[in-house]
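Take a look at the letters that make up each chain.
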Amino acid sequence: MSNIIVLVKQVPDTNARIVLSGDRVDLSAVKKVMSPYDEFAVETALQHREANGGEVTAVTVGDAGADKVLKDAKAIGVDHIVRIDSSESLDSNALQSVLASVVKSMDATVVYCGKSAADTGAGSTGPGLAERLGWASVSNSTSVAFGDQLSVITPSAGGNARYNVPLPAVVSCDKGDIKVRKPNVKGIMQAKRAKVEVKTVDAPASTVSVVSHSMPPAKPAGKSYEGGAAAAEVAQLLRDEANVI
Amino acid sequence: MSETIVIAEIVKGAVHSTTAELITAAQALGSQPVVIVPCTDAATADGASGFAGASRIIAAKSAVFENYDAAGWAAALDAVAPSGVLVASASPQSKDLAARLAARRGISVVQDVVQIQGNNLTSPIYSGKAMQTVALSGDAVVTVRPNVFDAASDNGSTEISVVDTTGDMATAVQEFMARASSRLDVAEANIIISGGRGMGSPDNFVHLEAIADTLGAAVGASRAAVDTWESIPHSMQVGQTGKTVNPNLYIAVGISGAIQHLAGMRSSKYIVAINKDADAPIFQHADYGIVATWEEALPVLQSTLSTMMA
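Going down the list, the protein sequences come from chains A and B. Under the working numbering, think of the first position of the first sequence as 1, with each following residue one higher. Under the working numbering, think of the first position of the second sequence as 1, with each following residue one higher.
Calculated from the structure, these hints are not laboratory results. This one's a predicted model, so the numbers in the text were calculated from it and none came from an experiment. Even glycine gets a Cβ: it sits at the ideal position worked out from N, Cα and C. Take the hints with a grain of salt, since some may be wrong.
In silico DSBU-like cross-links for lysine-lysine, where the CA-CA straight-line distance does not exceed 35 Å [stated by the list, open to error]:
no. : chain 1 : residue 1 : chain 2 : residue 2
1   : A       : K223      : B       : K269
2   : B       : K12       : A       : K175
3   : B       : K276      : A       : K219
4   : A       : K219      : B       : K269
5   : A       : K182      : A       : K195
6   : A       : K31       : A       : K199
7   : B       : K12       : A       : K179
8   : A       : K192      : B       : K12
9   : A       : K179      : A       : K192
10  : B       : K269      : A       : K199
11  : A       : K104      : A       : K199
12  : B       : K276      : A       : K179
13  : B       : K276      : A       : K31
14  : A       : K32       : A       : K175
15  : A       : K104      : A       : K195
16  : A       : K104      : B       : K276
Over 10 Å on every C-beta distance to chain B, these chain A residues come out as not near it, computed from the model [claimed, not checked]:
no. : residue
17  : A75
18  : S101
19  : M189
20  : V196
Please put together the full structure from these sequences, using the hints given.
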């Protein structure tokens with residue numbers, strides 16, 4: 001029986017326009033969704049349960065507003081949902097510390113997460129959590145086969161590598177070839193009634209603090225041409241002006 | 001600020017040229033860095049000795065560095081690296097290593113940095129739709145996007161000391177599966193030519209491949225192309241749910257420039273767009289925009305490049 005944990009995070013819809021209010025992003029009008037790569041992590045966790053038996057617990061960190069992402073995971077089919085209560089902005093050290101203390105207390109077999117969250121794109125949580133737990137980790141997995149240990153495929157220079165990964169381990173998931181299941185009506189009804197278990201953990205002080213947000217610098221207007229013949233001139237400019245070929 | 005330490009970027013057992021950019025980034029953080037070269041053979045570190053601006057080079061020698069294992073590499077580098085701010089490349093592998101190394105030291109990690117001003121580090125967030133500046137108030141591990149910082153010059157001759165190190169491997173490589181084609185992956189290439197649904201059919205990607213082979217480039221695709229055509233694999237996808245790339249040159253052909261796609265390639269150094277629709281959003285991000293069908297433009301591009309590269 002496996003005790004499977006999947007980490008999920010609520011992020012702005014990836015199609016949303018991001019706007020600033022002063023020197024901070026203003027997300028008040030933006031729809032929040034489960035980070036897309038977390039969907040692959042949830043699917044992999046459910047497949048792990050189907051292959052080896054056990055239970056899947058989805059864990060997130062945030063305030064009560066983050067309960068929705070847990071309910072979404074519940075609707076897809078996880079067994080339990082846990083929120084580590086936090087309303088502060090945590091740096092990677094603080095975030096991983098609270099996650100490590102909760103995962104330790106849960107006696108887990110394996111932790112799945114997305115390869116990165118769609119807001120920061122950092123991808124630090126999976127490997128950082130594994131190090132704190134003293135576990136194996138593989139990032140950017142595109143395929144997982146389940147047994148006494150995992151067999152994980154991940155990109156490597158010149159192709160892919162298949163890794164033997166002893167458990168316990170943390171695996172961060174990329175899109176790969178798996179199709180994610182969608183919630184059905186029964187799942188959505190169950191999710192509505194499901195109780196979020198809320199845990200409180202002391203976080204260490206953050207040493208990385210946000211100073212400001214800004215819009216990406218506008219790119220100066222480029223040169224434009226009409227007609228395919230211009231490709232000859234552009235090729236010359238790529239060599240003589242841009243020096244990139 | 002304390003000492004800065006560069007973890008050399010190793011690709012296929014050799015020091016990658018992006019390491020010279022890491023030295024510049026480390027200097028912006030305050031001091032001449034120590035450069036640590038993970039290697040199985042100390043001669044590998046010779047590849048870093050020419051970079052100007054390093055205070056010293058340590059060849060961190062261990063059998064652990066034969067194949068990548070995050071736990072083993074983090075342990076072996078932690079044993080060698082002095083305390084301070086560590087700088088590594090924001091490649092997928094080194095971001096993973098950076099996170100593990102930071103966690104091992106109980107410090108924070110800041111990924112994908114594109115600008116450094118004193119202790120303030122700026123990285124793209126929301127896939128490049130906005131920028132975030134953070135302040136460091138302590139040691140940290142920092143990864144730096146390739147092709148953003150100037151490369152340190154190569155007229156140095158820094159002395160190399162060899163230090164044996166080790167760490168416990170947590171995973172084991174069972175097998176490597178080489179790509180069928182010898183072409184680079186979009187995540188590895190310095191030049192990328194990508195096709196979108198405007199290519200009309202996946203069969204027409206052969207025209208992109210021909211140009212890619214002339215330039216030593218990788219072939220990418222938009223999500224629309226990957227979703228529409230089964231023969232275009234997800235591994236080629238550039239964009240928010242595909243790969244984020246920072247090549248020197250990105251050529252977008254028949255790609256309109258959906259926000260999804262822009263998120264994955266907008267930080268490329270130079271962007272060329274070829275699209276028949278003059279109003280395609282991709283043109284707002286292009287250094288060189290050509291309003292034309294691919295059928296008109298690609299043969300001209302191919303023949304000009306072939307002559308130039310010959």
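Status of each hint after checking the structure:
{"no.": "1", "hint": "A:K223 - B:K269", "result": "holds (15 Å)"}
{"no.": "2", "hint": "B:K12 - A:K175", "result": "holds (25 Å)"}
{"no.": "3", "hint": "B:K276 - A:K219", "result": "holds (22 Å)"}
{"no.": "4", "hint": "A:K219 - B:K269", "result": "holds (11 Å)"}
{"no.": "5", "hint": "A:K182 - A:K195", "result": "holds (21 Å)"}
{"no.": "6", "hint": "A:K31 - A:K199", "result": "holds (26 Å)"}
{"no.": "7", "hint": "B:K12 - A:K179", "result": "holds (32 Å)"}
{"no.": "8", "hint": "A:K192 - B:K12", "result": "violated (51 Å)"}
{"no.": "9", "hint": "A:K179 - A:K192", "result": "holds (24 Å)"}
{"no.": "10", "hint": "B:K269 - A:K199", "result": "violated (45 Å)"}
{"no.": "11", "hint": "A:K104 - A:K199", "result": "holds (13 Å)"}
{"no.": "12", "hint": "B:K276 - A:K179", "result": "holds (34 Å)"}
{"no.": "13", "hint": "B:K276 - A:K31", "result": "holds (34 Å)"}
{"no.": "14", "hint": "A:K32 - A:K175", "result": "holds (20 Å)"}
{"no.": "15", "hint": "A:K104 - A:K195", "result": "holds (22 Å)"}
{"no.": "16", "hint": "A:K104 - B:K276", "result": "violated (56 Å)"}
{"no.": "17", "hint": "A75", "result": "holds (21 Å)"}
{"no.": "18", "hint": "S101", "result": "holds (13 Å)"}
{"no.": "19", "hint": "M189", "result": "holds (29 Å)"}
{"no.": "20", "hint": "V196", "result": "holds (26 Å)"}
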